[in-house]
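Novice: Letter by letter, the chains look like this.
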Amino acid sequence: MQGTGRLDAREESLRNLLNRGLSGDASAYHAFLQELSAHLRAFLRKRLARLPDEVEDLVQESLLAIHNQRHTYDAGQPLTAWIHAIAKYKLVDHLRRRAKRDLLTDALDDEFGFASAADSEAAEARRDLGKLLAKLPDRQRLPIVHMKLEGLSVAETARRTGMSESAVKVGVHRGLKALAELIRTEA
Amino acid sequence: MRTDDLVTMLATGAGAVQPNQVPRRYAIALGWGALGAALLMATLLGLRPDLGAAVLRPMIWVKFAFVACLAAVSLLAATRLSRPGLRLAWVPSALGAPLLAIWLLAAFELTRADDAAQRAVLFFGDTADSCPLLIALLAAPVFVAVVWAMKGLAPTRLRLAGATAGLVAGAVGALVYSLHCPESGAPFIGFWYPLGMLIPTAIGAVLGPRLLRW
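Residue numbers (this note's numbering), protein chains in the order written: chain A, 11 to 197; chain B, 112 to 325.
In case anyone wonders, no lab produced these hints; they're calculated from the structure. Treat the hints loosely; a few may be bogus.
Stated by the list, open to error - From the derived model, a few chain A residues whose C-beta atoms are all more than 12 angstroms from chain B:
| no. | residue |
| --- | --- |
| 1 | Lys56 |
| 2 | Leu61 |
| 3 | Ala109 |
| 4 | Gly172 |
| 5 | Glu196 |
As the list claims (entries may be wrong) - Distance condition first, Cα-Cα at most 20 angstroms in a straight line; then the derived SDA-like pairs of lysine to any residue:
| no. | chain 1 | residue 1 | chain 2 | residue 2 |
| --- | --- | --- | --- | --- |
| 6 | A | Lys56 | A | Leu101 |
| 7 | B | Lys262 | A | Leu192 |
| 8 | A | Lys187 | B | Leu322 |
Just so it is clear, CB atoms sit at the ideal spot from N, CA and C, and this is done for glycine as well.
Starting from the given sequences, assemble the full structure and let the hints guide the process.
Specialist: Written as structure tokens, this is what we have:
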């Protein structure tokens, strides 16, 4: 019972950050994602104890999923349950894909891969999202590069790319979804 | 890309999110789906010719209420299944209430019937062989629309979500079908209607994991 007070306080602060983020406060949203990634890392590390190399990949995949699906969070709903449901869904999906891949390829790959990086800090992901990003079509990639990586405004991005402002917004939105899809189908 | 960089990337220019997207998406889906089902019904089947007289009798309202209750409860289940971390809680058992009500009414009608021949008429009506299939047919556009709505949200129990999408589609399809259907026996409605709704439900359960992944 002693831990619950601290947990509640943490849930409260996370929820507060997310709600502010959802109403447009970018720095609150940044702080939310930052705390969330630490939370996800702990959550997934416990559940992927035998595959420590893959923890950070899944942290990133879950972060992207939570960002893409953030409109499904209802302000009255317990936040931790929502986060854990998404992370668990991605974890199960990841393990299923992995099992399928292991069936198709040789188990050799596993024997080498296992112990090698088990002691690393796991801050580095094995999969490079930057490389996957490069595979997106221009109408999605350019808005993401200009707006989300270079921090330009919608208007500036529209000017640079010759796209309309609404096409830029749609491009970012669909691009991030496509990125999640690429992770699912490629990894 | 390091995780910190990903966090920065996701947060940059993220902007505000419109609230109430779950109800909004379902409202759009139901609007288009019901419209599609109504057009299908109007072109392929037509309204029942005695609809004007039928709405003056209670049985058609019993039928509407039965199907509408199933549609409402399954819709509530669908919206919950579209949000990660929400429990279904009492919702599935609430599906039992309209079923139980119609079965009680059916039992009452059957016990009051004079003989086996009349009971058979109450149960089979004139259209038992086509009713479930036509309900499933009218459910098709609604199913497509509800799956679209779910795909834009975040179902995590895909088979159950697919089945529920099918049930919503079946119930809305049945609601539209009831404007065509000439039957008025509670035993007929209590058996053939749910059977028709179970067809898209089963299809949804089979296709859910493939259709709804994200």
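Novice: If a hint holds in the structure, say so; if it does not, say that too.
Specialist: Hint check:
1. The claim that A/Lys56 is not at the interface with chain B holds, since no C-beta of that chain comes within 12 angstroms of its own (minimum 17 angstroms).
2. The beta carbon of A/Leu61 is kept farther than 12 angstroms from every beta carbon of chain B, the shortest such distance being approximately 17 angstroms.
3. Non-interface call for A/Ala109 relative to chain B: holds, since the shortest CB-CB distance, roughly 15 angstroms, exceeds 12 angstroms.
4. Listed as a non-interface residue, A/Gly172 keeps its Cβ farther than 12 angstroms from every Cβ of chain B; the least gap is roughly 19 angstroms.
5. The Cβ of A/Glu196 sits about 14 angstroms from the closest Cβ of chain B, beyond the 12 angstroms cut-off, so the non-interface label holds.
6. As the CA atoms of A/Lys56 and A/Leu101 are separated by approximately 12 angstroms, the hinted pair is consistent with the 20 angstroms bound.
7. A threshold of 20 angstroms between alpha carbons decides the hint, and for B/Lys262 with A/Leu192 the separation of about 17 angstroms falls inside it, so the pair holds.
8. Between A/Lys187 and B/Leu322, the direct Cα distance comes to roughly 16 angstroms. Compliance with the 20 angstroms bound is thereby established for this hinted pair.
Violated hints for the displayed structure: none, as all numbered hints are satisfied.
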